[in-house]
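Chains as they are written, first to last, in my numbering: chain A, 1 to 273; chain B, 1 to 766.
Mixed in with the good hints there might be a few duds.
[What the hints assert, rightly or not] Here are the in silico distance ranges between beta carbons for each label pair: (1) A:T124 with B:Q113: 48 to 56 Å; (2) A:S37 with B:S102: 38 to 46 Å; (3) B:S102 with A:Q211: 49 to 57 Å; (4) B:I120 with A:L137: 42 to 50 Å; (5) A:S37 with B:D542: 29 to 37 Å; (6) A:S37 with B:N321: 37 to 45 Å; (7) A:E117 with B:G397: 48 to 56 Å; (8) A:L137 with B:Q55: 42 to 50 Å.
Quick caveat, the hints were computed from the structure, so don't treat them as lab data. All C-beta atoms in this analysis are idealised placements derived from N, C-alpha and C, irrespective of residue type, glycine included.
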Amino acid sequence: MEDMYVKPGNQERGWNDPPQFSYGLQTAHGPQRNPLSKRAVPAASSGPGAPPTAPLSSNPMAPPMCGVAPPPLPAGRPLEATPPIQTVPMRRQGEAESSQSEPNLETVMSVLNRALEACRSSVTAQVCNEVAKRLCLLEDSWRSGKLSLPVTRRMGVLSQELQAGHWDSADEAHRSLMVDHVTEVSQWMVGVKRLIAETRKLSPEHLKPLQNPTVPAKDTTEPAQDPIEPAQDPVEPAQDPIEPAQDPIEPAQDPIEPAQDPIEPTQNPGCQS
Amino acid sequence: MSTYQEFIQQNEDRDGVRFSWNLWPSSRLEATRLVVPVSCLFTPLKERPNLPPVQYEPVMCSRANCKAVLNPLCQVDFRAKIWACNFCFQRNPFPPSYAGISEVNQPAELMPQFSTIEYIVQRGPSAPLIFLYVVDTCLEEEDLQALKESLQMSLSLLPPNALVGLITFGRMVQVHELTYEGIAKSFVFRGTKDLSSKQIQEMLGLTKPAAPGQQGRPVAPQDAAASCRFLQPVHRVDMNLTDLLGELQRDPWPVPQEKRPLRSTGVALSVAVGLLEGAFPNTGARVMLFIGGPPTQGPGMVVGDELKTPIRSWHDIQKDNARHLKKATKYYEALANRSAVNGHSIDIYACALDQTGLLEMKCLSNLTGGHIVMGDSFNTSLFKQTFQRVFRKDYNGDFQMAFGGNLEVKTSRELKVCGAIGPCVSLHSKGPSVSENEMGVGGTSQWKLCSLNPSTTLGVYFEVVNQHNAPVPQGGRGAIQFVTQYQHSNTQRRIRVTTIARNWADAQSQIQLIESSFDQEAAAVLMARLGVFRAESEEGPDVLRWLDRQLIRLCQKFGQFNKDDPTSFRLSESLSLYPQFMFHLRRSPFLQVFNNSPDESSYYRHHFVRQDLTQSLIMIQPILYSYSFHGPPEPVLLDSSSILPDRILLMDTFFQLVIYHGETIAQWRKAGYQEMPEYENFKQLLQAPLDDAQEILQTRFPMPRYVDTEHGGSQARFLLSKVNPSQTHNNLYAWGQETGAPILTDDVSLQVFMDHLKKLAVSSSA
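Using the sequences and the accompanying hints, generate a full structural model.
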C-alpha cells in the first residue's frame, strides 16, 4: 500500500493547492463510488428561495455521542465498492512502511549490472556507458543515504521484476518512481528506464546471465549482505525480558528470531560493535 | 422506454449526444417559435468500453455530394443487394465483400444497437505522435526546477516511439538539436524579429538547397522529417534530453529592478509552429507551451517590460487603453490558424501570480483543441497533476488523446446545420446541408478538431427548413449523421460514425409532446454556449439582455398562466429547472467579468465550451451536498438557506472544490471532539466530505483548487458568492427565524428573478 497515498498540496506556492495523489492512486481505476452529480429540486409549493423547515435542533454544546445517534455514514455507502482511497485517507507517505524489509543495494545493483552486461553484446558501447554512468549515480546516491526508503523499496521491486523478465511491471515501477519521487530519481532513472527497454529486446539466450545468476560475481556479493542484516537480532533478545509484561502480543514473533541467532553470532561477531 | 429521462440517458451513453428537443417541430416557422433551436451537444469520442472497433472501411453512399455512411436507418434489399441512403435516397449496390449478407447475416453497421460504430481504416504509414516542449526560462529558480522535473517525468509517460523536441526561450529563443551521441547544439533566434515559416525552416536547415541532379525539386516533407534533428524518438534521446533538461538555467540576461524579464513568447511560438509546419504537416502533434509570465518583447508582446505599467485589465480594455491587445491577438490568431491548418494543437500551461496574456493567446488553444492550464506556480500539485493527466490512459492502456479530427455533419433534407461551438475550426465545406443562418462557427458542414479527448464536446446547431404548408408526413423521422475521422493515439486512423433519428411532430397539435421532449439540461448548456460565443465579441450587458429575452419568450411559449396574473404562472416539469439554470448562468464567470481578470475570463470560457454536459452544468450551477447527523449526504439547494450551523457543505464549481464547516461543526472541530473515541461518529462526519472530494479530485481535468473553510472563514466567500442570496442584510428579519446565512449583497435573488420573469411572461404588452 505504500504506493497509494495522498499528500497535501503546496500551500506556500499555490493558493488553495489541491492535495497530490500518488501514481498508484491515480492509475487505480476504481468504480465511481458515489458520484456527486445530483441537484436538489426546489419544493413546488414554496418555490425556490423559500427557507427550508429547520431540522430538529441538536445540542450545540457537543456533537451527539456514538451511542446517542448512530453514525449515519456507513448506511449511505456500500462498503464493497470502495476504492482504496477510503482506507488511506490523507496519509503522509512513509507511515505504514516499517513492516516491509529493508531493500538491499547490492542485490539491486547486481541485477541492474547483470542486465547491463547482458545488453553489451547487442547495444552500442556508447549507450551502455551512458547507462553505466547513471547506474553509478544511483549507487552513489544510495550509498550516501540520499534515497528515501520508499524509493529504495520500489527499486528493490523493480530489480526483482527485471530479473524475472516482467518487463511491463518493471517499467511500471520505473514510471511510478518518476511520478512520485522525480526529485530524487530524475538524474539516474532514465538509465534504468533505458536498461529495461534494451533488456526486453534481448533474445532468451542473452537473458540467461540475468535470470540465472551463476556468475561468480554474485557469490561474492551475497555474503556481504549478512553482516548488515543480523545486526539487530542480538539486540532484540536483550529487550525481551522487559517487553513481555507490556506486550502480550509481541512474543508470538519471538520464537522465530532466536532460531536464527545460534547461527549468526558465530559468523559475524565483529558487526555488532 | 418509459420516460424521456431514460431515453435521454440511454442516447447519451450510446451515442454521446444530447438534443435540446427530442421531438422536432415539423416546420421552420414552428421551430423558430420554440425559442431554443434544435441543437445538440455531441461528444465525438465518448468512451465506449463495450464498443470494439470493426476492422474494415465504411460503406458510403455513391452520390458525390452525399457520401453518407451505411447505417441502421437505411432501407436494405437483401435479395438485390442494394441499400437506399436515408439522407439522399440514392440506391447503392453493396460492395462485393458484402455478397454474403442476408436478413439473418447482417453486418454490424446495420444493427440498431450500432447507431454508433467505429471503423479502423489503415491508409498510409502510421505516424508517431509528436510533442514539442516550448519552455520559458524567465522563471524563479524554484519554479524552473519543478518544471524541469515535470518535463523529465513526462518522458517516462510518453510512448517510446513518440517524437520529442525542445525549444527554450527568454530574451532569445533556442531550438535544441537532440542527439544521442556527441555534443548537443542549439540554434538561437532573436526574440524581437518575426520570421516567416520559410525563413525559420531555412535557418534550421530543414529545407536544403536542391542538389544539382534533382533539378530543383522541392524537398518532400518526409525528407525534412527524416533529417529533422530537433524532433527525435523518446527512446533514442531520453538520456541526453533528461540531462539537457536538468542543465537548463534561468535566462542569463540581467533583469534590472523595476523591469520585467524580456520574454520572447511570440517568436518562440512562431519558431515552434514553423518547425512543425515544415517537418510534419498534417500529422498529429502537440506544442506544449510553459510560461511563467506575459510576453514582453517582439511580435505578440502583451505588456512592456516596465513594471510601472501594469498588464491590461477589463477597465483598460473598456476604455480602449490596452495598447498591445489588438496587435498581439491578431498575431496569435494567425499562428493559431496556421497551426490548425496543419493539424497541430497548442497547449498553454501558464503558472504565475499575475496575468500571463491568456486573453491574447487563448485562440492558440481554442482553435487547435489544446489545453489551457492556469496555476500559481509550477511547483504546485495543481500544475504537476494536471500535467500528468494530459498523458492519462484509457481502459485499453491507450492515451486519452486523439489528433487530426475531422467532424462532418450530414442531415436529412428537412434540416440544415447552422454551426458548431467548441474547440474546432471551420473547414469551409459548403454542401447541401449547410444553412445560411450561422450560429457559432457556421457556413460549413465540416470542422477540424486538431486534438480531442473522450470528453471533448461540441455544441451543434440546426435549422428546420421544411415549409409551413408542406408538412412532414406523419410518422416521418429526421436524421443526422456525425462522421468523425481521427488519428487514434496508437496512431491508427479511425472513423467513428453516429447516426441518430428523431420523430417530427406538428407543433400545433402536438405541442405538449414536444414540450415533454425538452431536455432542459442540454438546452441550458447549448444556450449558454451561444451566450459565451457572443460574449467573445459583444458587450456583456447585450449578451445578458439577449439571454433574458430568450428566457422570457420560452416562458411565454410554454408557461401556463392567465394573462396579467403572475401568480397563476406555472411551468411543466420538463422546463421547471431551466429558469434556475439561466439565473445561475447570468451570475457565472462566463458572462460576468466583475472580479475576474481578462485572463481568468478567457480561462473559464475556454473550459466551458469544450466540456461534456455534466461538467458544463456543474460550471453553470455548482453542485452542493450537505453532510449532517440527520442522515446520509444529500444534495441541497444552492441557496443561502442551506448554510446551517450543524452541516458540512461540499460545493463543486468545477474549478473549485469547497468544503465548508457550519458554525457549530467548526466549534466542535476546534474543541477536538473528533479525537475522542466516544465521538467516533463526529470524526466520520468530518471525514465523509473529504473522501467525496477526493473522488472528484482524482478524475477532474484540470485539477480544481481545493478550499477547506468554515463559518466566518475568509475563504467562505467562495461559497457565499455562488449560493442564491435568498437571505440578505436587506430581508434578514423578514423571515422571523434564524435559518441559513444572510449574504451581504445587493444581487437579486432567485425569488426576485422568478417574480420578475413571471410578471414579464404573463404581461399582455410584452
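Hint-by-hint comparison with the structure:
{"no.": "1", "hint": "A:T124 with B:Q113: 48 to 56 Å", "in the structure": "holds, 53 Å"}
{"no.": "2", "hint": "A:S37 with B:S102: 38 to 46 Å", "in the structure": "holds, 45 Å"}
{"no.": "3", "hint": "B:S102 with A:Q211: 49 to 57 Å", "in the structure": "holds, 55 Å"}
{"no.": "4", "hint": "B:I120 with A:L137: 42 to 50 Å", "in the structure": "holds, 44 Å"}
{"no.": "5", "hint": "A:S37 with B:D542: 29 to 37 Å", "in the structure": "holds, 33 Å"}
{"no.": "6", "hint": "A:S37 with B:N321: 37 to 45 Å", "in the structure": "holds, 43 Å"}
{"no.": "7", "hint": "A:E117 with B:G397: 48 to 56 Å", "in the structure": "violated, 31 Å"}
{"no.": "8", "hint": "A:L137 with B:Q55: 42 to 50 Å", "in the structure": "holds, 47 Å"}
Violation of the numbered hints given earlier is confined to hint 7; every other hint is satisfied by the structure.
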